[in-house]
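Numbering (our numbering) for the sequence shown: 1 to 128.
Among the hints, a few may not be true.
Quick list of the computed label-pair ranges, beta carbon to beta carbon [what the hints assert, rightly or not]:
| id | residue 1 | residue 2 | range |
| --- | --- | --- | --- |
| 1 | ASP112 | ARG49 | 33 to 43 Å |
| 2 | ALA110 | ASP48 | 28 to 38 Å |
| 3 | ASP86 | ALA5 | 32 to 42 Å |
| 4 | LEU98 | HIS2 | 19 to 29 Å |
Worth flagging that the hints you see were computed from the coordinates, not collected in a lab.
Quick caveat: nothing in here was measured; it's all calculated off a predicted structure.
Every residue gets a Cβ at the ideal spot worked out from N, C-alpha and C, and that includes glycine.
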Amino acid sequence: NHIEAADGIGPALLSVWKGMDFEDREVPVEVEVETLSELDEVLVLGADRVMLDNMSLDEMCEAVEKVKKLRGKRPELEASGNVSLDSVRAIAETGVDLISVGALTHSVKALDISMLFDRKQNVAPVRK
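Given only the sequences and the hints, what does the whole structure look like? Please build it.
What follows is the structure in structure tokens.
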């Protein structure tokens, strides 16, 4: 991913900010973090949204408290990873702004859909 390619969150974010004006930009910047120390880096450099990946409830609570202490524009916090419909209430109670529930897409059963043509209706395939 981008963070790995840039050799860390700090260099990745600095690269983003070099390419755009922080105040006059139209593209929001979201950064995924896996630890509270990575969150600290992002809070220093700035982002619009921080995705808290696979963090415990205690870590999420601590992340929320860190963001509340910021002056000025604060990033939204999004919880992601190991989120289930059973755990979503407890995660919401940590105070994060958004929750990504992977179970909505990971557990969906495939639906086999096909399109059949009836040659009797004189429908010919389109050729390029």
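Range hint 28 to 38 Å (beta carbons of ALA110 and ASP48) holds or violated: Holds: the Cβ-Cβ distance is about 34 Å, inside 28 to 38 Å.
LEU98 versus HIS2 beta-carbon gap, inside 19 to 29 Å or not: The hinted range 19 to 29 Å holds for LEU98 and HIS2, with Cβ atoms some 20 Å apart.
Pairwise beta carbon distance, ASP112 to ARG49, judged against the given window 33 to 43 Å: Because 36 Å falls inside the window, the suggested range holds.
Assessment of proposed distance window 32 to 42 Å (beta carbons of ASP86, ALA5): holds (35 Å)
Violated hints for the displayed structure: none, as all numbered hints are satisfied.
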